[in-house]
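Order-wise, the sequence lines are chains D and U.
According to numbering that gives the first Met the number 0, the first sequence holds residues 0 to 381 in order.
According to numbering that gives the first Met the number 0, the second sequence holds residues 0 to 385 in order.
Errors might be hidden in some of the hints.
[As the list claims (entries may be wrong)] Derived Cβ-Cβ restraints for the label pairs, each shown as a range:
{"#": "1", "chain 1": "U", "residue 1": "383", "chain 2": "D", "residue 2": "338", "range": "16 to 24 Å"}
{"#": "2", "chain 1": "U", "residue 1": "310", "chain 2": "D", "residue 2": "38", "range": "50 to 58 Å"}
{"#": "3", "chain 1": "D", "residue 1": "264", "chain 2": "U", "residue 2": "179", "range": "26 to 34 Å"}
For the record, the hints were derived by calculation from the structure and aren't laboratory data.
Beta carbons: idealized from backbone N, C-alpha and C, even for Gly.
These are the residues of each chain, in order.
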Amino acid sequence: MDFSLSQEQTMFRETVYRYGRDEIAPLCEEADFKGEFSFEIWRKLASFGILGLPFPEEFGGSAANILTCCLAGEALGHAGVDGGSLLAWGAHTYLCAHNIYVFGTEDQKWKYVPKLASGEWIGCMGLTEPGAGSDAASLLTTAVKKSDRYVLNGSKTFITNAPVADVMIVFANVNKAKKHEGITAFIIEKGTPGLTTGKPFHKMGCKCSSTSEVFLEDCEVPEENILGGEGKGWFIALSGVEWDRCTLLSPMLGAALNNLDSCARYANERHQFGRPIRNFQAIQHRIADMKVFVEAVRLAIYRVASAKDNGQMLNPLQAAVSKVYAGDRGFEMASEAVQIFGGYGFMHEYPVERNFRDSKLAAIGGGTSDIMRMIVSRIMMM
Amino acid sequence: MDYQLSPLEVKMQQEVAAFCQTEIAPRAKMLDRSSRPEACTYMKENLKMLHRGGCLEPGHVGDIIDLIAVYLAGEEIAKACPATFLSARASAFLCAGALRLFGTPEQKQWYIPPIMEAKQVGAFAYSEEQAGSDMAAINTVARKDSKTWLLNGAKNVVVNAPIADVFLVLAYSEKNAGAERGMSIFICDKGAKGLKIGKPVETMGLRGVPVAGISMDNCAAAGILGGTPGKGYEQVTRILTMGKVGIAALCVGIGNACTEISVKHAKERTAFGKPIGLYQDVGFRLADMFTINDLGRMLALRAAWAINTGEYEADVLAACAKLFASEAATKIANWGMQIFAGHGYVAGSDIERFYRDAKFGEICEGASEIQRSMIARSELDRFLQA
Numbered sequence: 000m001d002f003s004l005s006q007e008q009t010m011f012r013e014t015v016y017r018y019g020r021d022e023i024a025p026l027c028e029e030a031d032f033k034g035e036f037s038f039e040i041w042r043k044l045a046s047f048g049i050l051g052l053p054f055p056e057e058f059g060g061s062a063a064n065i066l067t068c069c070l071a072g073e074a075l076g077h078a079g080v081d082g083g084s085l086l087a088w089g090a091h092t093y094l095c096a097h098n099i100y101v102f103g104t105e106d107q108k109w110k111y112v113p114k115l116a117s118g119e120w121i122g123c124m125g126l127t128e129p130g131a132g133s134d135a136a137s138l139l140t141t142a143v144k145k146s147d148r149y150v151l152n153g154s155k156t157f158i159t160n161a162p163v164a165d166v167m168i169v170f171a172n173v174n175k176a177k178k179h180e181g182i183t184a185f186i187i188e189k190g191t192p193g194l195t196t197g198k199p200f201h202k203m204g205c206k207c208s209s210t211s212e213v214f215l216e217d218c219e220v221p222e223e224n225i226l227g228g229e230g231k232g233w234f235i236a237l238s239g240v241e242w243d244r245c246t247l248l249s250p251m252l253g254a255a256l257n258n259l260d261s262c263a264r265y266a267n268e269r270h271q272f273g274r275p276i277r278n279f280q281a282i283q284h285r286i287a288d289m290k291v292f293v294e295a296v297r298l299a300i301y302r303v304a305s306a307k308d309n310g311q312m313l314n315p316l317q318a319a320v321s322k323v324y325a326g327d328r329g330f331e332m333a334s335e336a337v338q339i340f341g342g343y344g345f346m347h348e349y350p351v352e353r354n355f356r357d358s359k360l361a362a363i364g365g366g367t368s369d370i371m372r373m374i375v376s377r378i379m380m381m
Numbered sequence: 000m001d002y003q004l005s006p007l008e009v010k011m012q013q014e015v016a017a018f019c020q021t022e023i024a025p026r027a028k029m030l031d032r033s034s035r036p037e038a039c040t041y042m043k044e045n046l047k048m049l050h051r052g053g054c055l056e057p058g059h060v061g062d063i064i065d066l067i068a069v070y071l072a073g074e075e076i077a078k079a080c081p082a083t084f085l086s087a088r089a090s091a092f093l094c095a096g097a098l099r100l101f102g103t104p105e106q107k108q109w110y111i112p113p114i115m116e117a118k119q120v121g122a123f124a125y126s127e128e129q130a131g132s133d134m135a136a137i138n139t140v141a142r143k144d145s146k147t148w149l150l151n152g153a154k155n156v157v158v159n160a161p162i163a164d165v166f167l168v169l170a171y172s173e174k175n176a177g178a179e180r181g182m183s184i185f186i187c188d189k190g191a192k193g194l195k196i197g198k199p200v201e202t203m204g205l206r207g208v209p210v211a212g213i214s215m216d217n218c219a220a221a222g223i224l225g226g227t228p229g230k231g232y233e234q235v236t237r238i239l240t241m242g243k244v245g246i247a248a249l250c251v252g253i254g255n256a257c258t259e260i261s262v263k264h265a266k267e268r269t270a271f272g273k274p275i276g277l278y279q280d281v282g283f284r285l286a287d288m289f290t291i292n293d294l295g296r297m298l299a300l301r302a303a304w305a306i307n308t309g310e311y312e313a314d315v316l317a318a319c320a321k322l323f324a325s326e327a328a329t330k331i332a333n334w335g336m337q338i339f340a341g342h343g344y345v346a347g348s349d350i351e352r353f354y355r356d357a358k359f360g361e362i363c364e365g366a367s368e369i370q371r372s373m374i375a376r377s378e379l380d381r382f383l384q385a
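Turn these sequences into a full structure, and let the hints steer you where they fit.
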């Protein structure tokens, strides 16, 4: 066991935190209120090297390991950067660019990764369909081979970054009879005939990430755009699970730290009945529960990350624990933060309100809490 | 950074587990259901068995306590028999551990080996009728009479008191100096003149643990822990902070045992044609049991590591671990009982015993309310305007 961070990692976290607090967080309230993707925030993330973190330097990244990526997510959430902008980053860097980097051919990697790492292009990944959420293997989008091209038909929904994306990874089945073994990943560029995106959805939280449907109508994709080989899509979709269960959750840890700081500060400043509300045990005990939560969820998330960095096999139980705990307990704790702020907490201008709405996503996106419990209980019942 | 246990740590834990499951676990029910005097006899035997199985030593080397090893071994002892863990911990960790950390070379040499070899039993007496978390409120006092310190006062619940050979007793050596500088820990031998050990008390759970009150009437102490008076508060605070990791081991051990037997029952028990574990109400509950116990263990290991390395905030992390793991244990035992239903509610079932045992964690050595207050104060003070 070794729970230490290196001095370099601690400094990196601090530097990212300061940058997020000074340069990005001031933009977030207004951006969240508009409920649109913020290119200004995107450029800020890009110029600080956040979007390319895990890629080698020759691809325009900084060769950060997965734990360092988590530290960045935590630091930005802690600094008050909204969950939507951080989700947009996650979908772009981990779900799109990183999959191309890991599974792509040399040509694909050099064509897409540098532009994605720099933020010049925006990426997304389309797996979910109207009828295939947690049961992703039942997706209906088809790809039919026609000489050196594939013709894709179907639709995707809840695709983060789709309305602004230049590059998409789309999953389609080339052979329904083979079920999930027919699922294949395709790289599709914006402007490809037959590819359209719907109007951005109005969402409860994570509003600065732009989410919509994707429609494929006889959309022709050249065969060199297959990612990882025909029939390898299901493997690609599952292989990202470590990244999902730590890097995409780290902003949620960050938001909980942000809430804890703002609640602790507020409880010192706010007076009722002639004394600061920190003197009331009901306030104290909520603060304590929030502290226990951040420590526990940090361990759960970092454990997944450090296992990956140390080349250990993913433990599906540990991955599910981090997801279900961040999602369910995170939402409860975000609600307690609103409660400490009382009427002010209900107002849009207080970050606890936004963090509350954003926090719900952790129990839904990338496999709901119910699915996590299903995974754990199935393993236990084996 | 590596959040997984090393192969050596895993091996040690497996060895302790194997021994405890074969030798200790089969005696757990007997300990729970025996009379108080019988329980005292059985527990002394259990401590000797733990020594024979090499279960007391892990983490205790020379002047050093490696809390991660102490935790890992403790979790397995507790899983096999929570009562045995609590008794062994009071002897080998709280009493011998305090001697190891704070004793003079002579005290260490004289007292530690017989306790670690289970030839003698140690006890740690600090709380009183009106002084639990509010430690400054203790009434036991010591005064020096020529060369001997004489103790006067009473401690109402002392783990191991009925079977202990060595007591560490917290008392004011100079009341006017206040708690932080006026307290000392005294070493008292069982046979000391003026030391009276009360009748073993009955408890709701952990019934195998010999517990009694002690009273001191001009009781002659064998010495002051470490030789210098006035260090008692610091010493007791330090050992109890480390002790929180031990209580987490107790709770995670109980949680583990409950989860394991609940899974087994959920596989074997069928209703409407399939094992009940395949129904989501039961299966998802098993998943929750696993999740919170797993996180309790991680928090405990995190706190152990922080204490081992002298990290800033180690005391807060220890409080987080104790609070989380103890509340997890009562939830897990409660859900386990629900899964066993009628089969669990009958006296003598394992889940029924764990259910009673589990409650101790939320109460002992700083109830959950105290842990929360302490954690909150530390967080709130970060933003206190000077």
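For each hint, the structure was consulted:
| no. | hint | in the structure |
| --- | --- | --- |
| 1 | U/383 with D/338: 16 to 24 Å | holds, 22 Å |
| 2 | U/310 with D/38: 50 to 58 Å | violated, 42 Å |
| 3 | D/264 with U/179: 26 to 34 Å | holds, 30 Å |
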